[in-house]
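Position one of the sequence shown corresponds to residue 1 (this note's numbering), numbered consecutively onward.
Source of the hints: derived by calculation from the structure; they are not laboratory data. Each hint should be verified, as a subset may be incorrect.
[What the hints assert, rightly or not] Below, simulated PhoX-like cross-link-like pairs (lysine-lysine); rule was C-alpha separation at most 20 Å, straight line:
1) K60 / K42
2) K60 / K70
3) K49 / K60
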Amino acid sequence: MFLNFPPQNIFDFINFFILMFFVMLAFYLLGQWLHSVFDKSKLEGLANKLTGYGDAIADKSYKDMKQLIKMVRKVSYRAFDKDK
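Just need the whole structure built from these sequences, with the hints factored in.
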C-alpha cells in the first residue's frame with residue numbers, strides 16, 4: 001500500500017485513517033497485554049521513567065525554540081516599524 005502525504009485524493013485520505021486505526025489498535029492491544037502480564041508496580045515504574053524522558057525532551061525543545069525565536073527577532077526586518 002502506497003500512501004501519499006498529504007493525501008492527494010479521497011482514497012489516500014481513507015487509507016491513511018485506516019492505517020492510523022490499525023496502529024492505534026495495536027497500541028491499545030499492547031497496553032492490554034502489558035496490564036495482564038506485568039504487575040502494577042513495574043508498569044508505574046516504566047510510566048514514571050518514560051514521563052521523565054518526555055519531560056526532559058520537552059524542556060530541551062522549549063529552550064531551543066526560545067533561542068530560535070530570539071535569533072529570528074534579531075535578524076527580522078520590518079520596513080514600517082517606527083521603533084527601529
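Hints versus structure:
1. K60 / K42: Violated, at roughly 27 Å.
2. K60 / K70: OK: K60 and K70 at ~16 Å, within 20 Å.
3. K49 / K60: Between K49 and K60 the Cα gap is close to 17 Å, so the pair holds against 20 Å.
Of the hints listed earlier, the one the structure fails to meet is number 1.
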